Amino acid sequence: MWGKNSDTPGPPPIRRLKLEDPEPATEVLPPTNGSNGHGPQQSGFTAAKRSIGAPQFSIRRMEIDEVSVFYGAKEAVKGVSLPVRQGEVLALIGPSGCGKTTLLRSLNRLTELTTSARLSGRILLDDVDITEIEPTLLRRRVTMVFQQPNPFPMSVFDNIAYVLREQGSRRARKKTLEPAVLSALDRAGLLEEVKDNLDHPALKLSGGQQQRLCIARALAAEPEVLLLDEPCSALDPKSTQVIEDLIVKLRDDVAVVIVTHNLQQAYRIADHVAFMYLGDLVEYNSATALFGSPREQRTREYVSGAFG
Amino acid sequence: MEEQLPQEYGPKWSDQRVERMLGALVIGVVGLLLAMIVTVFVRAWPSFSHNGLAWFGPGGNVDDQLNAIFLSGQNGLEYVYTFHGWPLIWSTILITGGAVLIGLFCALFVAVFIVEFAPEWMSNVLQPVIRFLASVPTVIYGLIGVVVLVPFIGNHLITEPQKASVAGVISLTGYSLLAAILVLTVMITPLMVSIFSDGLRAVKPGWLEGSLALGVNRWRTTWKIGVRSARPAIVAGTVLAVARAIGEAVMLAMISGSVGFAPNPADGLIFVYEPSRPLAPTIVKNIDQLSSPPANATLFAIAAVLLFSAAAFSFTGYVARRAMRKYGAA
Amino acid sequence: MESVQTPPPPSSQPANPSAAPQPSPPSRGGSKGAVEGTATWAPIDRLGLAVCWALGLLFCAIAVAIVVYLLIQGIKFLRPEMLWTPAAAGFSEAETGGFSDALFGTLIVAVMGISLALPTGVALAVWLVEYGRPAALARVTEMTIEAIAGIPSIVLALFGTVIFSSTALGFLSRTSEGVVFGRSFFAASAMLSLVALPLIVASTREGLNSIPRHVREASYAVGKTKAATTRRILLPTCRPQVTTGAMLGLGRIIGDTAIIVVLLGATQNFAPVEEAPFPLDYLRGAGTTLTNFVYEASPTGNLNQPQKAYAAAFVLLLMVLALNAAVDIVHRRARKVGTWSH
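Chains as they are written, first to last, in our numbering: chain A, 21 to 328; chain B, 1408 to 1737; chain C, 255 to 596.
Just so you know, the hints here were simulated from the structure itself, not pulled from any lab data. Just so you know, these numbers come straight off a predicted model, no measurement behind them. No false leads were slipped in.
With the C-beta cut set under 10 Å, the calculated list includes, among others, these residues of chain A facing chain B:
#1 Leu133
#2 Leu157
#3 Leu158
#4 Val162
#5 Gln168
#6 Pro173
#7 Tyr182
#8 Glu186
#9 Cys234
#10 Ala238
#11 Ala240
#12 Ala241
#13 Leu247
C-beta: ideal position from N, C-alpha, C; glycine also.
Extracted from the complex, chain A is given alone in its bound form (with noise of 0.2 Å):
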């Protein structure tokens, strides 16, 4: 969609593997007790059941390789290592103030925009080192969702059709614009409610709305990693489990990598779950395993409610 009328150089082409030769799944999922994949009894873990099935396909899109980010001389994720692949939704947990946000930051490179702020460590995209690309164009491959909602003060169209406008240096027509504006909110499962009046300002709609078009946006980039930092937290029940569905429907598109302080919501959405405490990575599991066995003693005390 963009880097076609561009005249600046566009981002590398995006790499999807055909569906028929993907990498195995990496985890075999651990037996359940048998039923309808409710939780196991032995973490406590009790309530929550999965909407999400087993990935069909996971292709390695990031790497994440000794990560430590300082602020100043605090550090706020100390060495951490993960992989984040495409077919899987990774979530990030763990209490206020153990540097999940900031790690997601880091991927796409927004902590930068603080000054005290200092990286060691690699993160790679598609095997490049990130910091070796630009980085408005690696922002538009890895796009961030964000916890309050944020629609510009524009239409419903316009917030998209930004994004897909402001890639090149001639100004798109609206005709031109239409279907991708229109398959990036069907994506994000919104064009059903907005189609009829799309020039409808985007802050008149609804919290669940909002986020579903801040998504769209995100998508409309056509990104191969999608981060969402909480992006349920300021919603009500209801548009939470929307998103959730959604979430777990574009794991296929794009890698997903979403931060929640909501145990239940990781149990129900997420492939992997890497839990974090006070910048370490504690451990990094299936999210079945770590939320039924978890190996360490901090992850069993997380999960089971004795501090967070």
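Got chain A sorted already, so can you dock chains B and C onto it with the hints?
Chains B and C in isolation, oriented as in the chain A frame:
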């Protein structure tokens, strides 16, 4: 919230008493403004009523008319009110419009620069510079304009053939539209810069961060999101600048030329070299005529037009900002 | 925090002590880290940035040029005697004395104007923030202050001629043969105070609004009246903002020419009213200020003594610069003191 204690026990300056006193002051100030408006229009009325709408139109040499009006009041004869102020109005429109247009363009870029793109050392220099320019007294702008800009224009920019081409109608000396517009622009731009910068800084950082996180570069983010959201501040700043420009009397009295001549665009580009005199400086230049009743009325009529224009612009700005609230830009 | 629904006052600086940036979310200033090179920008974006730089440098150059020019001319022509010699008639510039009357005149109108504007402005601001009932009156008052800020000073001057020429106010200026002259320091200062008023009101309001509610509630909870709270706690806390407003207002007052030209009489010297005792004789009489002097002494004025005009302009500019520097110092000191945690 406050109980009304019995008077014997209450403090001397009870809240009620203080509130009443302050309220009286407030009403006094509001009343003063109303009195001002009413007085100006009442005093202006004879001039308007004798001329009707022709007051605003062209017709004759406005300087001669002013002279005639003044003398008629001095000589005890029948008062003459004939006044066709179009040259003054046209001059005001040209000078104010020119200065505000150029100033708006400059102020937008400078404000964006200060808030977003200037390196630290530059913005530490530029901000005091803007404050300084905003606080220089207008008379000093006038003085520098008269001793530097006007001779430069008169001697080095305007060529002899150009002077000759309009010699029959008006003489080009450097006191001109160009000088007036340039100096007025420098005067009103700092005002707009500070209001625009405040507006830009008040934009929700979530929007800007959201735009950057979508891969839009900083320049586009600042203009498409930041400036767009700051539109109410931009309107407010522009309206304030227009009001200032319309009311500017002293500097323009020194620079724009002292003739009630309507610059003629049909003269081609030379018309920026033509002198004129907007409404506000006309009052200053003819202030000695206040003792003559018809002249008094005419000067007050000019003041009434100034008042009305400033109010009309304020109102337009207010309406524009309300319309912008639709998309949440306010 | 001032909303942008009412236009901000024509003050040249916001008086908000800014909060310190935190690591997350990122501070606004942090985004100027310029980590993003302009290599990927479209050419028109880069052109825009070039325009920004050009204009920024242009305005710096203009400011420097003004200061340097006046500095050179001022030093060339300003002789210390000018500051204490009154203007006199003469044939050449060397004989015409100085502008001491103008200098004193500026000081007089500044003091008188501010003494009128400051209490009134603070009182209005207090009413708007602390009382403000009925709400309709509060809105009208806000609009009035804005309107006064927007009225050209020449119109204020004209109105002043009407008021002060009335016989009721004849005691404020000279009366000869039953006709009230209507031009005096009283008249000019009164109208000049209107020029400073909106600035003082806006600054004081900002200061009062920045005090969180719980401070007031703490005072009411020990039985203090609103008036006492305001007088003893709130206003002293706002001293930086009130001072800033007063100095901005002073700057406008000493820089104004239109009102002086109209309401102070067309002289270059003091013209005191003989019958009155000192100091009223001077205050009721006519006079001049630096701005008026520069106006008259400039090549377009009646005196046409450009050298003196430069000298006076130089002195005037120094006063304005000193005021600006004082405002800066007040700001910086205010920022060092902490604010409440809201």
